[in-house]
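Given chain A's structure and the hints, the job is docking chains B, C and D with the ligands onto it.
4 protein chains.
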Amino acid sequence: SQWKIWSEADFTNTWKTRNKDAHKGTFGTGLLLAGSDEMPGSALLAGLASMKIGIGKLIIGTTPFVASIIASRLPEATYWFNGLNKLPNGDWPVGVKGIAIGPGLTDTLLVEEAIKKIWETNIPVILDAGALQKREYPKRNAPTIITPHPGEFSRITGLTTAEIQKNRLKLASDYAQEHQVIVVLKGANTVIAFPDGSGVINITGNPALAKGGSGDTLAGMILALLCMGENPKIAVANAVYLHGLCADELVKTRNENTIVASELSNILGELIYTLTHNIS
Amino acid sequence: SQWKIWSEADFTNTWKTRNKDAHKGTFGTGLLLAGSDEMPGSALLAGLASMKIGIGKLIIGTTPFVASIIASRLPEATYWFNGLNKLPNGDWPVGVKGIAIGPGLTDTLLVEEAIKKIWETNIPVILDAGALQKREYPKRNAPTIITPHPGEFSRITGLTTAEIQKNRLKLASDYAQEHQVIVVLKGANTVIAFPDGSGVINITGNPALAKGGSGDTLAGMILALLCMGENPKIAVANAVYLHGLCADELVKTRNENTIVASELSNILGELIYTLTHNIS
Amino acid sequence: SQWKIWSEADFTNTWKTRNKDAHKGTFGTGLLLAGSDEMPGSALLAGLASMKIGIGKLIIGTTPFVASIIASRLPEATYWFNGLNKLPNGDWPVGVKGIAIGPGLTDTLLVEEAIKKIWETNIPVILDAGALQKREYPKRNAPTIITPHPGEFSRITGLTTAEIQKNRLKLASDYAQEHQVIVVLKGANTVIAFPDGSGVINITGNPALAKGGSGDTLAGMILALLCMGENPKIAVANAVYLHGLCADELVKTRNENTIVASELSNILGELIYTLTHNIS
Amino acid sequence: SQWKIWSEADFTNTWKTRNKDAHKGTFGTGLLLAGSDEMPGSALLAGLASMKIGIGKLIIGTTPFVASIIASRLPEATYWFNGLNKLPNGDWPVGVKGIAIGPGLTDTLLVEEAIKKIWETNIPVILDAGALQKREYPKRNAPTIITPHPGEFSRITGLTTAEIQKNRLKLASDYAQEHQVIVVLKGANTVIAFPDGSGVINITGNPALAKGGSGDTLAGMILALLCMGENPKIAVANAVYLHGLCADELVKTRNENTIVASELSNILGELIYTLTHNIS
Ligand SMILES: Nc1ncnc2c1ncn2[C@@H]1O[C@H](COP(=O)(O)O)[C@@H](O)[C@H]1O
Ligand SMILES: Nc1ncnc2c1ncn2[C@@H]1O[C@H](COP(=O)(O)O)[C@@H](O)[C@H]1O
Ligand SMILES: Nc1ncnc2c1ncn2[C@@H]1O[C@H](COP(=O)(O)O)[C@@H](O)[C@H]1O
Ligand SMILES: Nc1ncnc2c1ncn2[C@@H]1O[C@H](COP(=O)(O)O)[C@@H](O)[C@H]1O
Ligand SMILES: [Mg+2]
Ligand SMILES: [Mg+2]
Ligand SMILES: [Mg+2]
Ligand SMILES: [Mg+2]
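Chains A, B, C and D are the protein sequences, given in the same order. Counting along the first sequence from 1, when you hit position 86 you're at 89 in the working numbering, and nothing is skipped either side. Counting along the second sequence from 1, when you hit position 82 you're at 85 in the working numbering, and nothing is skipped either side. Counting along the third sequence from 1, when you hit position 147 you're at 150 in the working numbering, and nothing is skipped either side. Counting along the fourth sequence from 1, when you hit position 159 you're at 162 in the working numbering, and nothing is skipped either side.
FYI, nobody ran anything at the bench for these hints, they're computed from the structure. Owing to the predicted nature of the structure, the values given are computational and were not obtained by experimental measurement.
Each pair may be met inside one copy or between any two copies, as identical chains are not told apart.
Here are the simulated lysine-lysine pairs, BS3-like style, with alpha carbons at most 27 Å apart:
no.	residue 1	residue 2
1	K169	K23
2	K120	K236
3	K173	K7
4	K23	K7
5	K137	K27
6	K23	K255
7	K169	K19
8	K7	K169
9	K23	K173
10	K27	K255
11	K27	K169
12	K173	K27
Next up, chain A with everything else stripped away, as it sits in the complex (with noise of 0.2 Å):
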């Protein structure tokens, strides 16, 4: 069929280890539209994320608020104040190669606007959390990718979540062909929907998950892969698998209930490294 399951063989083969010459140029500049005033941890749970999957750099669009409380636990970013608001008008960090925005953002006319900016370049984009509206999408050279949880798919395509969750495959897939975009429709079992109607269905993750934040960590993912150079398939399919890894090696020593968002990339270290020695 067009769905496979993706594997750990599926991740060993496809991760890459950096070039011994490679500077941070290599591993490309994210930009991510993340954090309002009011939901200000949306923004450091993704930026998180994508520096400690192996971003090269990233600067990170908020408000001074949202940027005061992120940069003390990540000093690695940088900040493009408001960004949101100087996109309309062209104003534009140079060298971007890939864009996340939704999360934590609640300002619906504002995000349209830097859309409808984003549309113009042929930059890969992830629409997530307050991004994930219903809409068009441009025919473009650059991936598109939605990841709205059943929730968020209801708004967009009109349906209910129960209807959504009784046909998350055929759902997801009809959805990624008409619109030419890359749906991650998660939740347990989280799938992955491709515009060429082929498909990747992911069996790692647990209820641990089930929190706030947990989904603004795996946009930071997407978004450092894609910047890192690596194919939009392979890309989206290596994030959902690490995050959902990521919780379940967690709960291998600690109860489920207890797992907070923040603890998720802070083990990748490890765990991509035992995965990538044979240790198991």
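Frame of chain A, contents of chains B, C and D with the ligands only:
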């Protein structure tokens, strides 16, 4: 008798496993009204405890100043700025399944206005610290929980702390039955008295908890278990039990004087794992 | 002689176990007047040390700017904004059992005004850093403790640091007896001189402590032990002893150049546990 | 030849033990001019590195906004608000033994004004990032160190990065000799060229360092070793050596993609301990 000592078996028999298909909505949204500019930490301590014991989503109603302090350590929560001031106007975040009010609050008038609005709802509520005043409690279909230490119980009842400490069980139970609230009378061997005359005695905990911030952590734990859908009696008993057990665990390797409240919720993960896997 | 080297046995013989029924009031409320906008960290270091050595409650009198920096790492404390400016008006938090003033303070005039008000009380006080000036000390029923390093003792006494270092014991003791204060003359082998002519020599500590922030940590430790009700002589000796021992422990596994002051109080828990359980 | 590979023996032979009677003054006061509101993290990374490698005192000249971000993670430092704007007026903190300028600075005019004032002193200076421009260097009695990556060396020299990478040793050395500065040409196998024509090649480090923030950490390490009184050649060589070695150590247990710059200085303590105790 109507008094029961809450045991490890009581905890393990009632502690729930998260459903495979659960999502964050499954574990409820809590509203924490806590923290003022000169007492910001209480909101952080309560919030950390809520998130780390398993709540689905947490909204913290507090000042922007306090939010800026909390959010870097608790990026998984979101904020409702100056919620206390907005509540009287009927402004209200959607989907709230439980409320805790009081930690770090000193503006008694504002707190009273907020509580009046809360009485109009059928949302379970925990009154702690600044929300503990001599008062009447309206008849509601949702539980009201009060968490006084002996000094606060003195303020509420007009009795001296010496009188209270001599007769903890009877006085807590009388108050619970008369006012139809759940009384958590804190201190060594916390007493939990229910409106029906029954009650629970807690035997976990130690004087490492005799330090600023311990009570805030407990309030957050109770809020979370309530929001996660647990029966109120069990929610309160398990929160009090775990709160004390965290301290008991910490003093196994560290001097009792040196524990600080923010460390308590950090070890919930391994603690509950051990209890529910029959490891000792 | 009147000089005594403070030994491990002196520490273990005097270190108190917390009473089973204790509550936070049992361990006192400390007032820490420290930190200014350009020197915010000193208040955090002193505050962390106070809380992590066992104080019941800590109120930090500092600016809102400094509080916003401290509170995320020390949520167990509360704040008294701009306390230094309020003190001269007789505004005063209730129930304070000990005061430390000076770390990170540079406004000499304001500090003097505050100290004048403090002299009117019978609250034990520690004068450190910015509060160390050439001055007279009024007769009070509560101990006054000064904690100069040789440079500060030079400022107070008019002697050169070379003269001081050549004659640490005698000069400290002369000052203590003349002014009826406890003198903690810091540096390798800290000398503690009491008003009655007796004194203690400390032999813990090492040059890992020769770094900005070490002294702030010590001030916080002394404040806590005083508030916890310890006899002033023992409180000061044990604080100095433990402060040095933390550094001695850290250099057992880490290079001495790499220790920073905020790490000292982190290991108090295991350190004291080991000492009081006869493990070595 | 005039080129030497810096070895573990070179490090251990030159690394100093702290004198028993040392105090913080013994290890110098550094001035770090770094960080702007949209690039606050660079100042934190450089500052952490300085403090954690052994400097006595650190003053960070930066904005209040940046200070509020740094200080909770680096309470051992103090601040000189907007130092960059004050420098041209001859306002200047006392006792500074070394200066690093550039990380996170973008206001080129202000930076130039500051550098002009620095030239008037005989204080060792490190020019990094925003302070790296095409310029002449005045004759001074104190060392000037520049730390360009190939992109920055291209900006300074007018050569392309391709030309630079083909001929790293010669180009770095020519520049060092012509301008009488120490050139740290970064990237895999960092080249350190001295004004006298000699040079050092570094063989520690790996592409885990190819990520935003790595260079800031290095600048802080060099600043500290200079302030601690080390000979400039050795200070630079040891800083570059240790900086790379931290990364080499981290990738022994963690995947190279997942390391972030703030982790580097964290492991200096154990790393140097091992090297200087002949443990491997
Ligand atoms: N029960 C579950 N099992 C596995 N993954 C889950 C579960 N619940 C939530 N998740 C994941 O957690 C994240 C939640 O995203 P969000 O709802 O945007 O915060 C997604 O990646 C989901 O796939
Ligand atoms: N001596 C003690 N033994 C056991 N628990 C204590 C003791 N002192 C305080 N606690 C607990 O610590 C918390 C203090 O709450 P609060 O006074 O509001 O900060 C309550 O949960 C108390 O039951
Ligand atoms: N070489 C050293 N040996 C032992 N203790 C030291 C040494 N240098 C500094 N200290 C201690 O570190 C603290 C420095 O205080 P301050 O100078 O106020 O930061 C004091 O407690 C000193 O006794
Ligand atoms: N591939 C690499 N191998 C070794 N060191 C590297 C590599 N990439 C970057 N670095 C180091 O990381 C730092 C990057 O500095 P910057 O570009 O200013 O952030 C410098 O110290 C470089 O030498
Ligand atoms: Mg989401
Ligand atoms: Mg309380
Ligand atoms: Mg000092
Ligand atoms: Mg750089």
